[in-house]
Structure formats: structure tokens, C-alpha cells
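Given the sequences, and given the hints that come with them, work out the whole structure.
In this text, residue positions in the sequence shown follow our numbering: the first is 1, and each later residue adds one.
Simulated from the structure, these hints should not be mistaken for lab results.
Distance windows between CB atoms, simulated: (1) K5 <-> E47: 16 to 22 Å; (2) E59 <-> T22: 39 to 45 Å; (3) S52 <-> E15: 31 to 37 Å; (4) Q7 <-> Q41: 19 to 25 Å.
Ideal placement from N, C-alpha and C gives every residue a C-beta, glycine not left out.
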Amino acid sequence: MPVSKIQTGLRLDEELYSKLKTLSMQDGRSLNNLIEYIARQYVANYEAKNGSIPPYQDEL
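So this is what it looks like as C-alpha cells:
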């Protein structure tokens, strides 16, 4: 089953971008894939310490 992904813009300072790009190249990943991996790890660590995070629901 295909996974639905949301496209979003991201602003990074030049030094951080450069370091992340270097890490992604070393790992054989795209920059996008590396940032998604880092975000998933952060959420998993947060939830391990604080419990589950409910999905955001826009209140329009």
C-alpha cells in the first residue's frame, strides 16, 4: 500500500544544511530521507519518554 506523504518547505541556515548534506551523502541517503529519519527518531524518543502524541487536527 502506498504511503501518503505531505510536501513541505523547510528553512535551514547554510551551515546546518551543509552538514546535513554531508551526512546524507555519507549514508547514501537523499537529504530529504535523512531529515525524515531524524524527525522520526526525535518523535520516537519523545513518545518513549512522554507517551503517544495525538495526530494534529486542523480546526477549520
